Amino acid sequence: MSPAMIRGPALLFLLVITVASITSGAQALRSIVFLPQPLSSLDVINTTSNQNARCSFTVSIRTSCSSPAFTRDQISLSFGDAYGNQVYAPRLDDPSSRAFERCSRDTYTVYGPCTYQICYAYLYRSGYDGWIPYDVTIYGYHTKAVTFTYNVGIPSDTWYGHNYCRSRAVKSAQNLGWSLLSIGSTMLYTIAGLFRG
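Using mature numbering (1 follows the signal peptide of the UniProt record, and there is no 0), the letters of the sequence shown correspond one by one to residues -28 to -1, 1 to 169.
Worth flagging that the hints you see were computed from the coordinates, not collected in a lab.
It should be emphasised that the depicted structure is a prediction, and the values quoted were computed from it without experimental measurement.
Check the hints yourself; a few may be wrong.
Estimated spans, in silico, between C-beta atoms of each pair [to be verified]: (1) R26 / T119: 22 to 28 Å; (2) I155 / T130: 38 to 44 Å; (3) S69 / R26: 23 to 29 Å; (4) S28 / R70: 20 to 26 Å; (5) T81 / I155: 44 to 50 Å; (6) I163 / T79: 52 to 58 Å; (7) S32 / T158: 43 to 49 Å; (8) D15 / A41: 31 to 37 Å.
Think of the CB as a built atom: it goes at the ideal place given N, C-alpha and C, for glycine as much as any other residue.
Using the sequences and the hints, build the whole thing.
Rendered as structure tokens:
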């Protein structure tokens, strides 16, 4: 068998392996779902009376369509960046304003210290109605809007949410992406070598 006859099937095999590797890696990257987690403790900095309350944030909270029709639960929010800048919004709830009703969106202006990119957000729910948030979107003055998805019941009297600040999961996803890129480029280099050979 001549080298040219071997080269064709080998080239096809390497091409199929390359495409399969990149496709499965991309699917794995998309399937990484970040679920909210409980936080054992949170040192809350009361920014409502904080002298550093120089920036305003718009916070949009959507209530899940699986949530009770209305709630008397007490809802608080804390969010911040990777550098220790924290914004605390106590008692966003107000039953008389029909806040946090099923399938609704409530928008608040919250004041606190200026932050870098927001990378964590925690909700605190106290009560018996079992309010279920769908997501929380935070718009900062000098930062990109960021959305934290919940769509699960959150336990009462527990800070519950997301922390993407230097997240291991995010780093793992980035490492997976670089590994796939490296594998793909190595295989393509090998395929190109077969054509030269």
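Evaluation of the provided hints:
1. R26 / T119: 22 to 28 Å: With Cβ atoms ~24 Å apart, the hint holds.
2. I155 / T130: 38 to 44 Å: holds, 42 Å
3. S69 / R26: 23 to 29 Å: holds, 27 Å
4. S28 / R70: 20 to 26 Å: Once the Cβ atoms are compared, 24 Å apart, the range 20 to 26 Å for R70 and S28 holds.
5. T81 / I155: 44 to 50 Å: Since T81 and I155 have Cβ atoms about 48 Å apart, the given range 44 to 50 Å holds.
6. I163 / T79: 52 to 58 Å: holds, 53 Å
7. S32 / T158: 43 to 49 Å: holds, 45 Å
8. D15 / A41: 31 to 37 Å: With Cβ atoms ~35 Å apart, the hint holds.
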